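**Student:** Given the coordinates of chain A, assemble chain B onto it according to the supplied hints.
In case you want the letters, here they are:
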Amino acid sequence: MASVSGFKRGVVFPLLGLTLIATIIIASSVGAVSIPPATILGSAWSKTVGFTGSHVVGAGTKDFIIWQIRLPRVVLSMLVGASLAVAGTVTQGLFKNPMADPYVVGVSFGGGLGATVALLYGATLGFGEFLVPMAAFLGALGATFLVYNLARTGGRVPVSTLILSGIAVGSFLSAIISLLMTVHGEDLQSVVFWLMGGMAARSWRHVGMVIPFIVVGFALAMAFSRELNVMVMGDERAYQLGVDIERAKKVLIVAVSLLAGAAVSVSGLIGFVGLIIPHVVRLVIGPDHRILLPCSALIGAIFLIFTDTLARTILAPAEIPVGIITAMFGAPFFMYLLRTKKNSLA
Amino acid sequence: MIPILEIKDLNLGYGNRSVISQMELLLRKGDFLAIVGPNGSGKTTLLRAISKVLKPKTGVICVDGSEIAILSHKSLARKVAVVPQESSMAFSFTALQVVLMGRTPHLSRWQTEGALDYGVAKDVMQMANCWHLKDRPINELSGGEKQRVIIAQALAQEPKLILLDEPTLHLDIGQQLEIMELLKKLSADTGMSVLAVLHDLNIAAYYADHLMLVKNGHIEVMGPPQEVVTEENIRRVFGVSAEVKKHELTGKSYVIFQPHAGE
Numbered sequence: 001m002a003s004v005s006g007f008k009r010g011v012v013f014p015l016l017g018l019t020l021i022a023t024i025i026i027a028s029s030v031g032a033v034s035i036p037p038a039t040i041l042g043s044a045w046s047k048t049v050g051f052t053g054s055h056v057v058g059a060g061t062k063d064f065i066i067w068q069i070r071l072p073r074v075v076l077s078m079l080v081g082a083s084l085a086v087a088g089t090v091t092q093g094l095f096k097n098p099m100a101d102p103y104v105v106g107v108s109f110g111g112g113l114g115a116t117v118a119l120l121y122g123a124t125l126g127f128g129e130f131l132v133p134m135a136a137f138l139g140a141l142g143a144t145f146l147v148y149n150l151a152r153t154g155g156r157v158p159v160s161t162l163i164l165s166g167i168a169v170g171s172f173l174s175a176i177i178s179l180l181m182t183v184h185g186e187d188l189q190s191v192v193f194w195l196m197g198g199m200a201a202r203s204w205r206h207v208g209m210v211i212p213f214i215v216v217g218f219a220l221a222m223a224f225s226r227e228l229n230v231m232v233m234g235d236e237r238a239y240q241l242g243v244d245i246e247r248a249k250k251v252l253i254v255a256v257s258l259l260a261g262a263a264v265s266v267s268g269l270i271g272f273v274g275l276i277i278p279h280v281v282r283l284v285i286g287p288d289h290r291i292l293l294p295c296s297a298l299i300g301a302i303f304l305i306f307t308d309t310l311a312r313t314i315l316a317p318a319e320i321p322v323g324i325i326t327a328m329f330g331a332p333f334f335m336y337l338l339r340t341k342k343n344s345l346a
Numbered sequence: 001m002i003p004i005l006e007i008k009d010l011n012l013g014y015g016n017r018s019v020i021s022q023m024e025l026l027l028r029k030g031d032f033l034a035i036v037g038p039n040g041s042g043k044t045t046l047l048r049a050i051s052k053v054l055k056p057k058t059g060v061i062c063v064d065g066s067e068i069a070i071l072s073h074k075s076l077a078r079k080v081a082v083v084p085q086e087s088s089m090a091f092s093f094t095a096l097q098v099v100l101m102g103r104t105p106h107l108s109r110w111q112t113e114g115a116l117d118y119g120v121a122k123d124v125m126q127m128a129n130c131w132h133l134k135d136r137p138i139n140e141l142s143g144g145e146k147q148r149v150i151i152a153q154a155l156a157q158e159p160k161l162i163l164l165d166e167p168t169l170h171l172d173i174g175q176q177l178e179i180m181e182l183l184k185k186l187s188a189d190t191g192m193s194v195l196a197v198l199h200d201l202n203i204a205a206y207y208a209d210h211l212m213l214v215k216n217g218h219i220e221v222m223g224p225p226q227e228v229v230t231e232e233n234i235r236r237v238f239g240v241s242a243e244v245k246k247h248e249l250t251g252k253s254y255v256i257f258q259p260h261a262g263e
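These protein sequence lines map, in sequence, to chains A and B.
First residue of the first sequence? That's 1 in my numbering, and the numbers climb one at a time after it.
First residue of the second sequence? That's 1 in my numbering, and the numbers climb one at a time after it.
So here's chain A without its partners, still in its complex pose (with noise of 0.2 Å):
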């Protein structure tokens, strides 16, 4: 396995790199004023090189609109996707479950009350930027803790409690979100967009304020993917092997809350890229968190930026919120592993 597990390693990491990098200038091209990605790379050319030559005419606007408008945008898609998938891999891992997500299980709204309240009530509060990530951690965190007791019984997470209080916790959480956001006078257009997620108007201002956040949460899931491994045989039998494994479970849940709230708070409610992208790459690379974790930040990251790109395309000038192309996918696919697997899932 040691070659196996080291030629996958060689052969997928530059393919999706690649591919990543592809996905971004392609994304970056396309829009209202079409970009062709020659320009996009001659523009990112003269930028990080430094070369200041002559001047093409025009060149300013495109300039703008590649530099401030599309990839401030591209670049958060990309830490978004790549976040919720992470965030995905961990939470099937934490609870023993394939069927689980951050959305699924009600953490992602949890994260989405923690921000609605900093964006609503937290400009006397101070923190800065930082508040409003921070927030949807802190809310994240309160609704893992709340699901994970809720759904456990005797040291197990079965799946249709998992998925029950996932619902429960999340309807409720939803309803308060937009209850608050109705309060505050926003129109229901705006509830609506920040419940199904979005990326519009993103800048670089909002890719600085979540990158803390998403470093550190994907640095955690990385120190205990030997963990995760490990814990899929059930918690006694970890625990035996030589894992602290009430540790690595605090551990894993912060590191979830963190990417889960870092995603939540710059881009709204985005479901099921944390439950498509694991299984999927699961399916290919096998079940080693190791390079699982990885892969799936990756995929996820070229997912999101896709479909974000549909998003803001496919009715352009009118913009779909991305939750609503990622739930056309993602919905479909988990009827499809409901009829699949329902077997081994109770």
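Among the hints, a few may not be true.
[What the hints assert, rightly or not] Once the Cα atoms are required to be at most 25 Å apart in a straight line, the calculated PhoX-like pairs of lysine-lysine come out as: (1) K249/A to K55/B; (2) K252/B to K184/B; (3) K250/A to K55/B; (4) K250/A to K52/B.
[To be verified] Across the chosen pairs, the derived CB separations fall in these ranges: (5) G15/B to F145/A: 22 to 32 Å; (6) K250/A to G223/B: 45 to 55 Å; (7) F329/A to K184/B: 54 to 64 Å; (8) A188/B to R290/A: 29 to 39 Å; (9) S171/A to E220/B: 54 to 64 Å; (10) T112/B to F64/A: 43 to 53 Å; (11) F172/A to K29/B: 51 to 61 Å; (12) E246/A to Q226/B: 38 to 48 Å.
[Said to hold, decoys possible] Covered stretches of chain A (chain B as the covering partner; in silico rule of three or more C-beta atoms under 8 Å from a C-beta of chain B): (13) 94 to 107; (14) 219 to 232; (15) 242 to 252; (16) 287 to 297.
Hints were generated in silico from the structure; no laboratory data involved.
A quick note: this is a predicted structure, and the numbers were derived from the prediction, not measured.
Using N, Cα and C, we set each Cβ at its ideal position, and we do this for glycine too.
**Tutor:** Chain B alone, transformed into the frame defined by chain A:
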């Protein structure tokens, strides 16, 4: 010589309920001890205490000279390995990946398995006769195959003591004997001490060097199987009548139960 397992004045229980009281036990290198007793007599509870899953109410458990209460999870897992009755996994790791998880207590956080770990995994899988299954997903294996992989996983920890909780409960007789042969060979060849909770008195008497009969959390009797397996002891511990015979060729005791003898 330091005993591999030393238990002094052990009291175990859940809440107010006492499960094991004042147990004393000494196990040396290479010993093969089988524990047999009625359901609810505290056998599994004892194994959970030795693997530090359950904290004793009072008493001391020492493994290889160290008190387990002060050992870290990792150092304990390098000394004691446990084989459960049954294992189920949510995701389909291959048999080799499962066995390599047994190397967890020997690896530091960011360390990946090296040549040494693969070597150990291969050795123990050959010993447990499951090397040919290495690339098969664990969830697709039969009960007996899966249990051999789990035993290999426990052996990959390179423990001094291996605890087994009715490891053959759901296996057919051929698979049961195969696993018992393996355990016997391990204790004889590698000097690993084996402590197995078994449900079949005949199999226990045939393979183990020492036999312990427990009832209601007490050791009723302990010693070489031919001394322990008597009609009187069986009646006392299990409440059933039985005839104990000696096999002509092997000299081992075997039991024929007589369900209606008292009527």
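**Student:** Taking the hints in turn, state whether each one holds.
**Tutor:** Consistency of the hints with the structure:
1. Distance hint between K249/A and K55/B is fulfilled; the C-alpha atoms sit about 20 Å from each other, no more than 25 Å.
2. Proximity of K252/B to K184/B is assessed by CA-CA distance (about 15 Å); at most 25 Å being required, the pair is judged to hold.
3. For the proposed pair K250/A and K55/B, the alpha carbon gap of about 21 Å is at most 25 Å, so the pair holds.
4. With a CA separation close to 20 Å, the supplied pair K250/A and K52/B stays within the 25 Å bound.
5. Look at G15/B against F145/A: about 25 Å separates their beta carbons, and that is inside 22 to 32 Å.
6. Taking the beta carbon of each, K250/A and G223/B are about 46 Å apart, inside 45 to 55 Å as hinted.
7. Between F329/A and K184/B the CB atoms are about 55 Å apart, so this pair conforms to the stated range of 54 to 64 Å.
8. With their beta carbons about 37 Å apart, A188/B and R290/A fall inside the hinted range of 29 to 39 Å.
9. A beta carbon spacing of about 57 Å between S171/A and E220/B agrees with the range 54 to 64 Å that was offered as a hint.
10. Here the CB-CB span from T112/B to F64/A is close to 46 Å, well matched to the stated 43 to 53 Å.
11. In this structure, F172/A and K29/B meet the distance hint of 51 to 61 Å, their C-beta atoms being roughly 59 Å apart.
12. Remark: the range hint 38 to 48 Å for E246/A to Q226/B is upheld by a beta-carbon distance near 46 Å.
13. Only residues whose beta carbon comes within less than 8 Å of a beta carbon in chain B count, and the stretch 94 to 107 of chain A has 3; three or more means the coverage holds.
14. Under the rule that three or more residues need a Cβ within less than 8 Å of chain B, the assignment of the stretch 219 to 232 of chain A holds, with 5 such residues.
15. Evaluation of the coverage hint for the stretch 242 to 252 of chain A: fulfilled, as 3 residues show C-beta separations to chain B shorter than 8 Å, against a requirement of three.
16. Chain B is given as covering the stretch 287 to 297 of chain A, and this holds because 3 residues of the stretch bring a CB closer than 8 Å to a CB of that chain, at least three being needed.
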